[in-house]
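Each chain, written out:
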Amino acid sequence: MFAIVEGPIDVGALISAAQRPDCGAISTFVGNTRVDESEGASVEYLEYEAYRPMANRKLEEIGAEMEERWDVREVCIVHRIGRVDPGEASVAIVVAAPRRGPAFEASRYAIERIKEVVPIWKREVWSDGYVWVGSQVGTRERAGLP
Amino acid sequence: MNAGSVKVLLFGAAADWAGTRETRIPSGEITLDELWPLLAERHPELSPMRDTLAFAVNGEYARGDARVSPGDEVAVLPPVSGG
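Chains as they are written, first to last, in our numbering: chain A, 1 to 146; chain B, 1001 to 1083.
In case anyone wonders, no lab produced these hints; they're calculated from the structure.
Computed from a predicted model, the values in this text were never measured in an experiment.
Any given hint could be a false lead.
[Claimed, not checked] In silico contact screen, one side only, chain A against chain B (beta carbon under 8 Å); selected entries: (1) ILE26; (2) MET54; (3) TYR109; (4) VAL125.
[Said to hold, decoys possible] Computed Cβ-Cβ distance ranges for the label pairs, DEER-style: (5) THR1052(B) / ILE15(A): 35 to 41 Å; (6) ALA1040(B) / GLN136(A): 16 to 22 Å; (7) GLU116(A) / ASP1033(B): 19 to 25 Å; (8) GLU1022(B) / ARG100(A): 42 to 48 Å; (9) GLU116(A) / GLU1022(B): 24 to 30 Å; (10) ASP22(A) / ASP1065(B): 32 to 38 Å; (11) GLU44(A) / ARG1021(B): 30 to 36 Å; (12) GLU116(A) / THR1031(B): 37 to 43 Å; (13) GLY1004(B) / GLY12(A): 47 to 53 Å; (14) ASP22(A) / PRO1044(B): 55 to 61 Å; (15) GLU88(A) / PRO1048(B): 31 to 37 Å; (16) LEU1038(B) / GLN136(A): 22 to 28 Å.
For every residue, glycine included, the Cβ atom is placed at its ideal position computed from N, Cα and C.
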């Protein structure tokens, strides 16, 4: 299952859905929003946006790449967009495999590929402005704007 | 229908700087490299970002020599930052 969603991710439900009698391992990676602080300011929340049809297709392609490289039997990647408050899940990757090695490795591969190729962007909204992560542009004075 | 134009979608910092998420550029059959100056003329704020941007044509990453036809959808993609 590959999805871009606008509400909270139910990680437990994803794990339950990945359980299969031929798989002895389920690896779960959850990316959570983290609060950074600098010079008296802090991140209040993150806001994600996606180029949706392409992002969905890229998630499916990553799943296909994982199945080509490892013996994994179930792959689920869900990425949340919109406002995500600190400590909430922005992405969840659940991989079921007969053995733990491929489950761990494929899961790591998925998050790295997501960060490389899936057209999703996040903006950190700070108490004193915002910054587009990756582009390093925004309204914060200390963000090193061009 | 907008015959004779390319739909351009902007995302992330590019949408922010251009002040819009979607625009239409009148054009015939051209390449992505030829489309860029037309877009930059309309949204000069994008010019400083040029080297950081990737592009997609009809939902797939495309290089500068990719053909763009009227009716196609071009996406302007700043460095992705999902996860």
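> Okay, which hints does this one fail, numbers in order?
Replying inline: Violated: hints 1, 3, 4, 10, 11 and 12.
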